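A.B. asks: Residues per chain are reported as follows:
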Amino acid sequence: MTKLAQWLWGLTLLGSAWAALTMGALGLELPFPCQEVLWPLPAYLLVSAGCYALGTVGYRVATFHDCEDAARELQSQIQEARADLVRRGLRF
Amino acid sequence: MPRDPQSEGRRPGTGCGLWLGRKAGEMATGTDQAVGFGLVAVSLIIFTYYTVWVILLPFIDSQHVIHKYFLPRAYAVLIPLASGLLLLLFVGLFITYMMLKSQRVAKKAQ
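So the protein sequences, as listed, match chains A and B.
Residue 1065 is where the first sequence ends in the numbering used here, and the numbering goes up by one at each step.
Residue 741 is where the second sequence ends in the numbering used here, and the numbering goes up by one at each step.
Careful: at least some of the hints might be erroneous.
[Said to hold, decoys possible] Part of the chain B face toward chain A, derived, beta carbon under 7 Å:
hint, residue
1, G661
2, Q664
3, S674
Please keep in mind that the hints were generated in silico from the structure rather than gathered at the bench.
From a predicted model like this one, the values you see are computed outputs, not experimental measurements.
Every residue gets a Cβ at the ideal spot worked out from N, C-alpha and C, and that includes glycine.
Same shape as in the complex, but just chain A (with noise of 0.2 Å):
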């Protein structure tokens, strides 16, 4: 099975849980408060794994260290590859 279709397969079965469980087809009584928590609980996934994905992206961009040599290289190659291009006839 293809890694689309084992998460396709994972979240319609989380869904139609989640469903059954909101339209109480089911028939069990849940207490108020956990049905109040169960039908927003695919948004609140949703955006735990927003706020999760945001955190992550933040947290690597703050602490990916520096590279100067590996900069001022790079800018070094730019200009003899644009130098190169000029001289075969490429107008920038």
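Chain B: place on chain A using the hints.
C.D. replies: Chain B in isolation, oriented as in the chain A frame:
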């Protein structure tokens, strides 16, 4: 193909993107750190507020003063939904703008 004398003897870069073998004392620059930690703070704030709103509030007595700081429960789904749709709208507009711009450039170059 003429041999380019500049391409001979080019060695691989000495980039320090790898986590091993980095030099001591190379920290991310100021703006990077500020933006990064700002994003972390924003995401933590949003996460805690939303968690309290969705998960904790139903279990707190409805007469408690803390309910004053939170909007009615329906907004807990409406606000993320609306902002998600807005985000999609902006992404679509941006893509359309870029496509039109590249078409205009291609037409001018003809």
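A.B. asks: Measuring from the C-beta of Q664 (chain B) to each C-beta in chain A, is the shortest one below 7 Å?
C.D. replies: This hint holds: Q664 (chain B) lies near chain A, its Cβ roughly 5 Å from the closest one there, short of 7 Å.
A.B. asks: Using Cβ atoms only, decide whether G661 (chain B) comes closer than 7 Å to chain A, and label the hint accordingly.
C.D. replies: 11 Å, violated
A.B. asks: Does S674 (chain B) hold up as a contact with chain A if the rule is Cβ-Cβ below 7 Å?
C.D. replies: Since chain A brings a Cβ to about 4 Å from S674 (chain B), closer than 7 Å, the hint holds.
In the structure shown, a violation is registered for the earlier hint numbered 1 alone.
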